[in-house]
Every structure is written in C-alpha cells, then in structure tokens.
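These protein sequence lines are chains W and L, in that order.
So that you can map any letter, position 55 of the first sequence is 55 in the working numbering, and since no number is skipped, the others follow by simple counting.
Plus 1000 on top of the position in the second sequence (first one is 1) and you've got the working numbering.
No lab work stands behind these hints, which were simulated from the structure alone.
Take the hints with a grain of salt, since some may be wrong.
Derived lysine-lysine pairs resembling DSS-like cross-links, with alpha carbons at most 27 Å apart [as the list claims (entries may be wrong)]: (1) L:Lys-1169 with L:Lys-1093; (2) L:Lys-1169 with L:Lys-1040; (3) W:Lys-243 with L:Lys-1093; (4) L:Lys-1169 with W:Lys-4; (5) W:Lys-4 with L:Lys-1225; (6) W:Lys-4 with W:Lys-109.
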Amino acid sequence: MASKNRWRRWLRTEAFSGYALISPTAFYALALLAAPLMTILAFSFFKDGYLTVIREFTLQNYRDTWTDPVFRAILLRSLTVSAMVTAATVLIAFPIAYYISFNVSPAMKSRWLFLITIPFWTSYLIRVFLWKVILGFNGVVNSSLDILGLIEAPLNMLNNVQAIVMTLAHAYAPFAILPIFVALEKIDRALLEAGQDLGESRLMTFWRVTLPLAMPGVIAAVLIVFIPTIGDYVTPQLIGGGKVPMVANLIQVRMLDLDNKPLGSAIAVSAMLIVTLVSLAFLFLNRRFLGVRK
Amino acid sequence: MKFPVLRSYAYVYLLFLYAPIILLPVFAFNDGTIIAFPLKGFTTEWFRQMAANATLRTAVQNSLIIAVSASILATTLGVFAARAATRFAFPGKAGIIGLIMLPLVLPEIIIAVSLLVVLLGIGVTLSVFTVILGHVLICTPYAIAILNTAFNALDRSLEEAAYDLGETKWSTFRLITLPLVMPGVISSLLMSFTISLDEFIIAFFLAGREPTLPTYIFSQLRFPKQIPMIMALGTVLVGASIVLLTIAEYFRRRGIAKTGGTDSGGFV
Chain W
1 MASKNRWRRW LRTEAFSGYA LISPTAFYAL ALLAAPLMTI LAFSFFKDGY
51 LTVIREFTLQ NYRDTWTDPV FRAILLRSLT VSAMVTAATV LIAFPIAYYI
101 SFNVSPAMKS RWLFLITIPF WTSYLIRVFL WKVILGFNGV VNSSLDILGL
151 IEAPLNMLNN VQAIVMTLAH AYAPFAILPI FVALEKIDRA LLEAGQDLGE
201 SRLMTFWRVT LPLAMPGVIA AVLIVFIPTI GDYVTPQLIG GGKVPMVANL
251 IQVRMLDLDN KPLGSAIAVS AMLIVTLVSL AFLFLNRRFL GVRK
Chain L
1001 MKFPVLRSYA YVYLLFLYAP IILLPVFAFN DGTIIAFPLK GFTTEWFRQM
1051 AANATLRTAV QNSLIIAVSA SILATTLGVF AARAATRFAF PGKAGIIGLI
1101 MLPLVLPEII IAVSLLVVLL GIGVTLSVFT VILGHVLICT PYAIAILNTA
1151 FNALDRSLEE AAYDLGETKW STFRLITLPL VMPGVISSLL MSFTISLDEF
1201 IIAFFLAGRE PTLPTYIFSQ LRFPKQIPMI MALGTVLVGA SIVLLTIAEY
1251 FRRRGIAKTG GTDSGGFV
C-alpha cells in the first residue's frame, strides 16, 4: 500500500513528467545513435572474418591502424586541412560578424544574417562542385585569364590541399559568423565607452575589451567548423579528385570497398578520439575566456 | 564602436559568398556542353533534358518522401524534447539532452557508418526507410534548437490561466501552447526538410540501390556530358530553397511578433 502511494506520488512529480515527455526522443537517440556508436566501438575490438565479424577480443585493429603509414599521413592531412579551414573561416568571418553587430542598424541585422545564411542552405554538393568549375583546367578562372591573354597554359589549381581548404572555408562560413555574432551582440556597449573614457584608443579597446568578451563565440565557431570539416567526404572526393583523401574517404574505403568492418570501425573510433582530444585541448587552452559571463 | 572599412569588406565578402551560386544560372542557360567562358548562346535545352530524365524523377520522388517523413518525425520528436527541456527539471536532463544533440558535433560519416553496421547486422534491407531513420537523427537537434526558442518565449501564465479555467493538461496544450509555438513548429519543419533534402553522406551509405537527389547528383558529376543538366538542376534547387527559406523566415518573424519578443535575428 505504502509503495503504491509512493508510486502514485512519483507519477505526479515534475521529474516524472519530464522523463515521460522526453522519453520518445531519448529512446530514439539511444536506439539509433548510442547503440550504433557502442557497436562500432565493440567492432573495433573484434576480428575480421571473411564476410563476417568474429567476436573475439583483439587490439590488432588498432595496432594495424596506428602503425599504418597511410592512416597516419591521412590523419595528419585531415588535421592540417581542418586547422587551416578553421583558421581561414574564423579570421574571415570575425570582421563580418563585427560589422553586422556594431555597424548595421538593428532593423537591418536579421536581413544581413538572412543574406549570409541563404547560400548555406543551397545544395552543398553543387556548391562544392561549382568550385571545381571555377578552378578547373578549362574553368572560369583559367578561361578568363586566357581570354585576357595573361597565361599561356592553363594553371593547375585543383587536386591539391589549397583548393580543398578554399572550398571548405567557403562552405562553412555561416557556421563561424553566427556564433561570433551572438557573442558580440551580448557585449554591454557601456563597457566599450568606459574603455574609451579611460583613455584607451579604439584599437586598444577592441583588443582589451571587445575581443576577450567575444572569445566564447570565437571558440564555439572554431569547434563548429573544425569538427565537421575533419569528417568531410565530398570535398576531398570532388575537389581533391580522390588524390588527396581525408579520414572520411579512408573510412568509406575500408568499410565498404574492402568490407573490413573491424578495421573501418577502429579508424572511425580513432578519428573520433583524436577529434575529441583536440577539441578538449583547445577548450582547455582557452578556459580563462569561458569563465567570463556577461 | 564603428570601423568604416568594414562596410566595403562586408560587400566583398558577400560577393565571395555568392560567386559560385551566380554561375549556376549563367551556365544553365548557356548553349555549350563545356562549362567555360566565353559563353555561347541562350538555350533551355538543359532544362528540357532535366525534365525528361527518369532516374532523376525517381531520385526527386525518393528525396521528397525522405525529406517530408524526416521533417515530420524530427519535429514531433523535437516538440517532445523541447517541451521537456524548457518546462521541467529532472535528474540527468543535461546528459539526455546532450545525447540527443550529439549529432550536431559528430562528423556525419561516423553516424552513417555506425548506423550502416547496425542495420546490416540486424538484417534490415537498405532503402528509403533506412535513410529516413538516419535523417531524423540529424534533423532532430536542429528542430530542438528552433523549438527551444519558441517554447522559451512562451508566457507560462497563459497556460496557468487555462488550467485555472478548467482545461485539462492536454486541451491546454492543444488550445494554448501549440498555437503559440506553431510558427516555431513550421520553421522547424522547413529547416528539417531542407537539411534532409540536401544531405548526402547518410543517404550515400544507407540508401542501398535507391537514388536520392544528392546521391544522383554525385553520381552524375563524373560525366562531363551531364554537367550542363546538373547546372540547370542546381538553378531549380537554389530557387526552391530561397522560396522555402523566405517562408521559414516569415514564420520565424511572425512567431517573434506573436509572443511579443524582439528579433534577435538568425536561423541557428
């Protein structure tokens, strides 16, 4: 009787309502996200049999992965490309976010943000491919230079890391602008006036007041750009012409083309681990900016 | 504090942002099989080719089925989660929400690969349905982000007034809460629809032999002969997403106006 009462009381608590309400979404994420992630984690410790997976604990996949020079080279390239893309995107995006937050009248702000987000919602594949059209052998840049008589032979601008960085920096631009913009919007404008009243120049006020206060947005932008670019599959394939593969391409080849699921899983888990470690290290290095609130 | 140089920088930046997209209609109407300057002449041949392509039609159909189902499911799951997140406190809430939002910070290839392994493991045949499963997973976090804003802007005293006037929990939700968050629901539907329609990597892994729009485009990009038609297709897609986004933006602003908030701008 007592337990029945307690059960009834529990049914009326706020916590129960919360759990009941969130359970459909939570179970979906458990079944289709947590369980699959656990599965590849488990697979990465299993042995590969022909067309099957042998459930026997082994560290061989990790040993193979980490001693494989191809994996190391590709992982290093992915990290470098992502770091370059992130740096380029954030550096280009910051002045834009600053312009919208400080120079644009409040009524026009959402129109500017709308303008910046539109290209982001148009077909990613076609946007990436258009860079191939621009940079290609008989592409826009080369044919324009040829008409102008500036070059004798077409320049080779595709199939290299620079082209990949450029394409990705273009594709991920809005991801960097929005968080920085939100952080800049939160800054109390009186603080900037105080800085100037106390005799700081405009640049020094920016350096000592605005920038530190905007850092949480910059950090968010860095992570939002860095994490998905490292797993990008399309750009290395189209712009790199398959000649400069990144981690996602390697996972796809190991998983599907070679059908070695344990090895593919070990690569996927290793890549996730590296991305997490790099992100945590970045957060740790910037921890003093994140303690600042308002 | 203003830095006047930024104005010209912003316009140059917009040009950089739009440069590739401006090329789409230019080459879609260009009467030449090679995508290069100088332009040849005006033609609508590529649009005719596009309309006559049967595989493309199947791909569009599949993509529409996937995008409509995924956006409805993701928004429904999003409503549950956003309501729970904004209205109730319960132990472990941060962890549960964190798990649901995880796809935002997880490379899509990881989601695709892990789902593929599990689905093949339990013997599910890859089809349009399996793509829907994956897309719901990646659309839900965006739906929740939008719906959180909508539910947060909600004045709780309106619901309490309805309870006091004798409405039940469910009828209050249906008569008061839902109409007030409706603009949020609509922009979440449109946002999820757009994300799903454009998503490549999950569809590439989970669709089996069924083509979706992005996987079809990807397969055609290898053939130089098909490129002008893809340019025409791209033009149509860009037009369609601008229309969809304008509608989404309209509802977002109306939602803000309805709940009496100020426009802080932006989608994400």
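Hints and how they fare:
1. L:Lys-1169 with L:Lys-1093: holds, 22 Å
2. L:Lys-1169 with L:Lys-1040: violated, 66 Å
3. W:Lys-243 with L:Lys-1093: Roughly 45 Å between the alpha carbons, so the hint for Lys-243 of chain W and Lys-1093 of chain L is violated.
4. L:Lys-1169 with W:Lys-4: Cα-Cα ~24 Å, so holds.
5. W:Lys-4 with L:Lys-1225: violated, 73 Å
6. W:Lys-4 with W:Lys-109: Violated, at about 57 Å.
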